[in-house]
Every structure is written in structure tokens, then in C-alpha cells.
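S.K.: Residue numbers (the numbering used here), protein chains in the order written: chain A, 248 to 373; chain B, 39 to 443.
Check before you lean on any hint, since a few could be wrong.
Covered by chain A, per the in silico footprint, the following chain B stretches (three or more residues, Cβ under 8 Å) [as the list claims (entries may be wrong)]:
1. 80-90
2. 96-105
3. 271-280
What the hints contain is simulated information worked out from the structure, not anything from laboratory work. Every value quoted in this text rests on a predicted model; they were computed, and no experiment measured them. Using N, Cα and C, we set each Cβ at its ideal position, and we do this for glycine too.
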Amino acid sequence: MTCDRYRELSTKDFIQEVDERLLADHLDACPLCRDRAARDAFLADPVVAAAAAHGRFHRRVRRTATTALAASILLAGALAIRLTRKPESEVRYILRGDSTGVVLTGPGVERRGETLSSQPKKGDRT
Amino acid sequence: MKILPLTLLVGLIAGSALADLHAEKDGSAATSARPDRAPNLTEKVTLSLKDANVKNVLQQLAVLLDVTPIMGADVAGTFSIDAVEMPISEIIQRIEAGFKLTIRIADGKMLVSKISTESTRPTTDELALDRLYLADPSLPRRGTGPLPKKDLKTFTLRPEGPGGEVRTVTFASPHIQATLPGCREPVGMMLLGSDLFDGRSWIAFADLEEVPGGRRLRGRIALAADAKSPENGVPVRLPGCGPAFRLLEAGDLPIKEAAVSPVTVPQTYIVSLQLIEVDESGETVLAAPKIASQASTSWVIASGEQIPPYGGPKPLEAMARFQGGLLDITDADALLALSVSITRDVDPRDGSDPVKILIARAAETLRVKFGKPERWTISPTYKLGRSALVAEVMLTRPTVMAVPK
Chain A
248 MTCDRYRELS TKDFIQEVDE RLLADHLDAC PLCRDRAARD AFLADPVVAA AAAHGRFHRR
308 VRRTATTALA ASILLAGALA IRLTRKPESE VRYILRGDST GVVLTGPGVE RRGETLSSQP
368 KKGDRT
Chain B
39 MKILPLTLLV GLIAGSALAD LHAEKDGSAA TSARPDRAPN LTEKVTLSLK DANVKNVLQQ
99 LAVLLDVTPI MGADVAGTFS IDAVEMPISE IIQRIEAGFK LTIRIADGKM LVSKISTEST
159 RPTTDELALD RLYLADPSLP RRGTGPLPKK DLKTFTLRPE GPGGEVRTVT FASPHIQATL
219 PGCREPVGMM LLGSDLFDGR SWIAFADLEE VPGGRRLRGR IALAADAKSP ENGVPVRLPG
279 CGPAFRLLEA GDLPIKEAAV SPVTVPQTYI VSLQLIEVDE SGETVLAAPK IASQASTSWV
339 IASGEQIPPY GGPKPLEAMA RFQGGLLDIT DADALLALSV SITRDVDPRD GSDPVKILIA
399 RAAETLRVKF GKPERWTISP TYKLGRSALV AEVMLTRPTV MAVPK
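Please build the complete structure, drawing on both the sequences and the hints.
M.R.: If you want it as C-alpha cells, here you go:
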């Protein structure tokens, strides 16, 4: 058996028993093909392992994306509720008043400034 | 994969929205606490003012900015404005332009003067001040003799405008609750006693007002007018009542007693007062009285001095009289009603009788935290605009002495 014939048989999915025996005999006889077969076997394992890792990676990406999409929908809903709410006034201090006095209201402030005219009025004991 | 940045952005926006919601919730619970730092000139204020005394407006802005207002005696006028969220700086600019004023805020003071008189400050000399007081017809005055004794406990509340029931209230104790016509809830009323200058009675009111997050007692304080001259009474407007009313001394009017019940709060507190003169250069403490009182009663503190030199048969006096009481008391703070009258006897030194001049009179209700001094400007135009007269009020609870076993 030649090395070319060995490569042709070794890439087939199904081979007959007689061909298997020929392959084994050639590997015993040809150090070149034996070394190549050892290298191929060494490379094949990581490819199989990488294929599994690749699958796990894709599953995780899909799960993360689904979770993120669900969270987005929920948060967008919360934002929409907030935007449709009547905006609350941010006014903290209010100054109201008329001729009787001025009231200041706000955080921690409760003051009522009375208007007490210093002008003597009718009836004042002047 | 491309959905991730979008998710992050939406998440950040929604997160900030939720954080805002949380902050609003916290804010509604914290409205009773004044921020540690006073608001600055960029703070926005919503205004609803109609014919308001511009001095009162500036005084309230000074309260907001935590500064002491010192105003020229010629600062006067009424101010009307309706505005939403106007920065304090813009309000001040409008007042400056509208009333031809210069307003400077520096070193914890708000100095207000007419542009035309900015450079002229009244004298500090006491005798010269006395002459200026005598020459100022706007300052009420009377003889230096004692006031006729009055022991009024009955007052009339006369509604403003047509209709409305006139209600007469008799104080069975200094602090009562009365059912008043046109008011949603019973109104707390406290009789603070008679004024130093003209003997009229001070009465404080406590009425519930709707505020964000609930209801809270709001105070008013008013000087009762002579029933024969009702136009002298200042209209009293309470937030939980319909029309405003004038408070009149009942005199010999027929008494129709309203339903009243005494308010008894079995708590004692100590009020420490300081009467302080504040001018551009600094502060001078004029008096520092202190009194202990029951929460359901009112008190009077008089502090004064004889004015040297005096050559007449009677000593001349400069007096300050504080009258106050607590309208509401909680674990952390109390609603204090306070009035003060400052008088000065002046001898014209021309052979005529000395006169008693009302230098300043003010009244206000303050919510004061226990253990924290609160300042209140009694007069921003003390000594005819040279300085401000300020009261510093502090409430404390008496220390309970441990009794050894």
C-alpha cells in the first residue's frame, strides 16, 4: 500500500475489514504515515472540545439576550408609567401674601409676617 | 448582541426614574426639617402676592436666605406679583427696579436702602435719635402714664364681608379650642395678654392646614381692636376657615359664648430669648431673659432700662415686652406664637410732658426645634433704619434631676 492509498482510505467514513487490516499494516510499516496519524489524532481532540465550548457559549449568549430583552421591556414599562404620571411640582418655597401679611412656607420654614402698621390709626391711644 | 447597549441605556434611564421616585418619597417625609444649608439666590420661589407690604416680602426672603434684613426707614410700598418658580435673584431685581432700592446681601445681612438715600445713615447718638423719633409723625405715641387696667377675656370675631355669624368667645383658660363659624375644624386660641404700648390684647390662633404629606397646624397671631373702632382690627385669615374675620375686644357687648374647651398640655419648657441689635459692623445683645412655662399657658417677659439722663419727676424708660405661648408641641419642635413691643420714653426738653413712643411692634408664629436657636427679625428699621432688631429664641426642656435611692 502506498501512502496516497493510505490517505484515501483513512478519510473514508466506512471501510471494509480487509482495508482496515491494510491500513494497520501500512501504519506499522510507514513511519511517515504513523507520525501524521498521531498528529491528526492530537489535533482532533481540541476541535471536539472546542465544538462543545462553542455550543455552551452560544446558549449563554442566547439566555443573556433573552433575559436582557425581558428586563428592557419591564424597565421601559416602568419608565412609560412614570412619564404618563402627572409631573409633581418641584417648588419647595411659596411666598403668599396680601395687605394683612406675608406667609413663607417651605422645608422647615413656617413664618407669618404680620403687617402691623406703625401709622397711628383712628382709635389708637395717641 | 446589539441589544445589550440599548438595554443598558434603558436600564439607566429607568433606574434614574426609580431613584427619583424614591427621592420624592423621602422628601415628603422630610419636609419638616429645614435644609442645613440656607438656600442661595438661585433658589426658586413661587409667588402669590397682592398688595403685600414690600418690607414683609423682603423680610421673608431674608428668612429664606438666613440673613438679617436692615432697611432704611423710607423703604415702603406694596408689591403684587404672581409667578411660578422665580429665582430669588430675579425677585430681588424686580423689587429693586420697582421701588428704586439698592439691595446688598453680604456677611449674613441684607442691606436695603433707597437709591437716593443710600449714602446717608441715621446718627447713632441717642439724644439725636430721640429728636428724630419725636419728629417722626408715623411713630405712635402716648403719655408716659400707666394704661388703664383691663382684664379682658371676651372677644368678638366679626367675619369680613356680608353675612356670616359674629361669634363671641370667652377665654375660660389661656389656651382654648373653639368651634368657629366657617371653619372646618375647632380652632386653637391662646390669649397672650395685653400689649405694652396701648393695652390691646394679643391672641394667637392655631388652625390645621393641608400640606404635602398630611395636615399641619399653622399659627396666626393678631392684635385685637377696640370694638368701637373695628376698622383698627387686622383681618385674620385662617387656612381652614372660610372668610377672614376681625378680632375685637368684646367690651360691654352681649356675650354669646361659643363652644370652648380648655387645652391642657402637661409639659414644661424653657424659653430663652436674646434681644439683639444688628448693624453693618456687628451685633450687640441688649437683653437675654429666660422663663420656664407650662405648654398650655402663655407668658410675658418685660425687660428694660432707665434712660439717662432724665431731669423730670418720673424716670424715663426704654422697654421691651415679649408675650408668647406654644400653640402646638411635638417631640421635636413646637409652634410658638410670639409678639414683642419696644417702647421708649422721650423727654422733648421743651417743658412739655415726656411721651412714650412705640419704636417697634411685631408678631409672628414660628416653628422652633427644641435646642436649636431660631432668629426672628422684629424690626428691620430699628433706630430709623440704622440697624435691625432681632430676637433669638430657643426652646429647651427642663433637665430632670435623678433622685438617688
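S.K.: Tell me, in ascending order, the numbers of any earlier hints that this structure violates.
M.R.: Violated hints: none at all, because every hint is consistent with the structure.
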